[in-house]
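Student: Chains as they are written, first to last, in the numbering used here: chain A, 2 to 283; chain B, 221 to 558.
Don't read these hints as lab results, they were simulated from the structure.
Be aware that one or more of the hints could be misleading.
Said to hold, decoys possible - Chain B stretches covered by chain A per the calculated footprint, using a threshold of three residues with CB under 8 Å from any CB of chain A:
1. 269 to 278
2. 315 to 329
3. 360 to 370
4. 396 to 410
5. 479 to 489
6. 512 to 521
Stated by the list, open to error - Derived, one-sided and incomplete: chain B residues facing chain A with beta-carbon distance under 7 Å:
7. F284
8. G286
9. E301
10. V332
11. V334
12. I529
As the list claims (entries may be wrong) - Footprint (simulated), chain A over chain B, 3 or more residues, beta carbon under 8 Å:
13. 339 to 345
14. 350 to 357
15. 374 to 385
Here a beta-carbon is modelled for each residue, glycine too, at the ideal position from N, C-alpha and C.
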Amino acid sequence: MASLPMASLYASRRRRNAIAMSLSLIATAIGLGWLVAILGVLLWQGFSGLSLSVFTEMTPPPGAAGGLLNPIIGSLILTALAVAIGTPVGILAGTYMAEYGRYDRLSSVVRFINDILLSAPSIVIGLFIYEVMVAPMGHFSGLAGGVALAVIVLPVVVRTTEDMLTLVPNQLREAASALGMPRAYIIARMCYRAAKAGMITGVLLAIARISGETAPLLFTALNNQFWSTNLNAPMASLPVVIFQFALSPYKDWQQLAWTGALIITIAVLALSIIARALAARK
Amino acid sequence: MDPARRQPVVDVALQAGAVRVGERESRAKALDRVRAWDTAFRLLTRAAAISVLVILGGVILSLFIGSLPALQAFGFSFLTEQRWNPVTEKFGALAPIYGTLVTSFIAMLIAVPVGLMIAVFLTELCPKWIRRPIGIAIELLAGIPSIIYGIWGLFVFAPFLQDTLQPFLIATFGNVPVLSALFEGPPYGIGILTAGLVLAIMVLPFITSISRDVFEAVPPVLKEAAYGIGCTTWEVVRYVVLPYARVGVIGGVMLGLGRALGETMAVTFVIGNAHKISTSILAPGTTISATIANEFTEAVGDLYTSSLIALGLILFVITFIVLSTARYMLARIERRIG
């Protein structure tokens, strides 16, 4: 008789456990299923509009056939510009924090601010670049778009560079120092070499991050219906074109928006997978 | 080592081509040059590190200067007024602020429990071989650009909600006294609720991957001890894992919240862009970021532009507070893990 309340206690605990565990299973199924559903629709809609002309023709006026050549090229130019500006500064800043001032006050402040910048709303970055570049110059430009994206690249590169350089064993540095190698050469010839894979991963992740960024481009690079590689003029980019086309009432444009979305997603996924493979090989 | 091969370092550096000097230059000069380069490099990296601070300072300063005209014209009422009239140039930020907070609240309401449960599944229940693939899938999904979620929300999710969930909510709660106000009006498809749901899907991978990381950092000994005295899996999670990981989980949630608050594209597609506050979450609304994205390039007049920049400043201040709290908490748990 005495075992009865115990037995019911066990049963209720077991029941509670079963409920909680099935809830977690359901949550996983729903969460993953949902995300798979989004990718499925994207693949379906995107592939049905994918053809060679997407890569060879300009964005069309409403009702005509066309492609996404100018926004694709525009995106590539803007990304290259952003990486060219953001990466060197980011690597140098990360170097300072990991090599020269690992424990000093400046580094901890920069680390904190950098983490804030890392997840700051990108539309605010767009406003910032508008204020400091577009407004004084008097017109929208590809250059401003590239700088806006560079501001987003910077914190990603700073973070990974610092993390990767911190992983380089101190014995290596000490050995190089013992040979009389100056600090700058230790860093440039030894630490960078040891941390290369990780730093490249950081840059790839940064590219993946900016290739889908729309908000900071809306009022910096703006958009351009035509072929333009002039950095001083408005420049088309895939995300902005997707934004514009998807919200338009025209079926052709909406189809192109889906195709553009597919291209971006594939590019981003490919970049992240390559980055992960590089990081895993170490 | 053979004494003949033992050379001073400068010679090694010279031979290795690390320093290029003409034949006539003395070693002392070469050393000076090395030293100069060394100092220059250190100062360069220091300048780069400071540039990060300069950028943040620049963001705050430029937003503040840009929003001065609006703040001077409307003063404190900018925060408390709902009106948004480009024709009469009367602007108030209450509707976008309200929309931002409500959509993020809906998003967190859904994403936090679901994300935590997925993390529990991944760390406690999931067979080992499937753990890594699911973990990687979630991290990849976290990297998908928000515009993808936006276009999906507009073309697939909003029509779906219009046909299913929204009529259901109206029919179910239409006659319940308080809740009926929450689900009032026709099912538009787009609106506050839809934006909140899309945001929930977007921040789900963030919350999941951070909570999984903190759960995994719980020392196995603690869990084993709890299992050893006969706890069920749920009891281990509830009384050991969650209390231990609490600070980290809150940090992760705040990080997700920071994303949700500032998210632009996913919301702009499905929010409906209506500058009014309605009690119904089925009604269209607007958020700070959606307002800026939709109206900034079309804004004419200094006051209109300045009001939009002031919105940006408000958004930045809100996310700054949320993000710094998140970072502070995550740093605390990192210190504890060592």
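Student: For the segment 339 to 345 of chain B, count the residues whose Cβ lies under 8 Å from any Cβ of chain A; is that count three or more?
Tutor: Holds: 5 residues of the segment 339 to 345 of chain B have a Cβ under 8 Å from chain A.
Student: For the segment 269 to 278 of chain B, count the residues whose Cβ lies under 8 Å from any Cβ of chain A; is that count three or more?
Tutor: Holds: 8 residues of the segment 269 to 278 of chain B have a Cβ under 8 Å from chain A.
Student: Regarding the hint that V332 (chain B) lies at the interface with chain A, is the smallest CB-CB distance below 7 Å?
Tutor: violated, 11 Å
Student: Are three or more residues of the segment 350 to 357 of chain B within 8 Å, CB to CB, of chain A?
Tutor: holds (count 3)
Student: If you count the residues of the segment 396 to 410 of chain B with a beta-carbon closer than 8 Å to a beta-carbon of chain A, do you get 3 or more?
Tutor: violated (count 0)
Student: Are there three or more residues in the segment 479 to 489 of chain B whose C-beta lies closer than 8 Å to some C-beta of chain A?
Tutor: Coverage by chain A holds here, the residue count being 8 at a Cβ distance below 8 Å.
Student: G286 (chain B) was flagged as interface toward chain A. Is the shortest Cβ-Cβ separation under 7 Å?
Tutor: holds, 5 Å
Student: Would you check chain A against the segment 360 to 370 of chain B, counting CB to CB pairs closer than 8 Å, and say if three or more residues qualify?
Tutor: Answer holds; 10 residues pass the 8 Å Cβ test.
Student: Going by Cβ atoms only, is V334 (chain B) closer than 7 Å to chain A?
Tutor: holds, 5 Å
Student: Holds or violated: the hint that F284 (chain B) contacts chain A, with Cβ atoms closer than 7 Å.
Tutor: It is violated, given that the least Cβ distance between F284 (chain B) and chain A is near 10 Å, above 7 Å.
Student: Let's test the interface hint: is any C-beta of chain A closer than 7 Å to that of I529 (chain B)?
Tutor: Check passed: Cβ of I529 (chain B) comes within 6 Å of chain A, closer than 7 Å.
Student: For the restraint on E301 (chain B), tell me whether the closest CB of chain A is nearer than 7 Å.
Tutor: For E301 (chain B), the interface hint is violated, since the closest Cβ of chain A sits about 21 Å away, which is over 7 Å.
Consistency with the previously given hints fails for numbers 2, 4, 7, 9, 10, ordered from lowest to highest.
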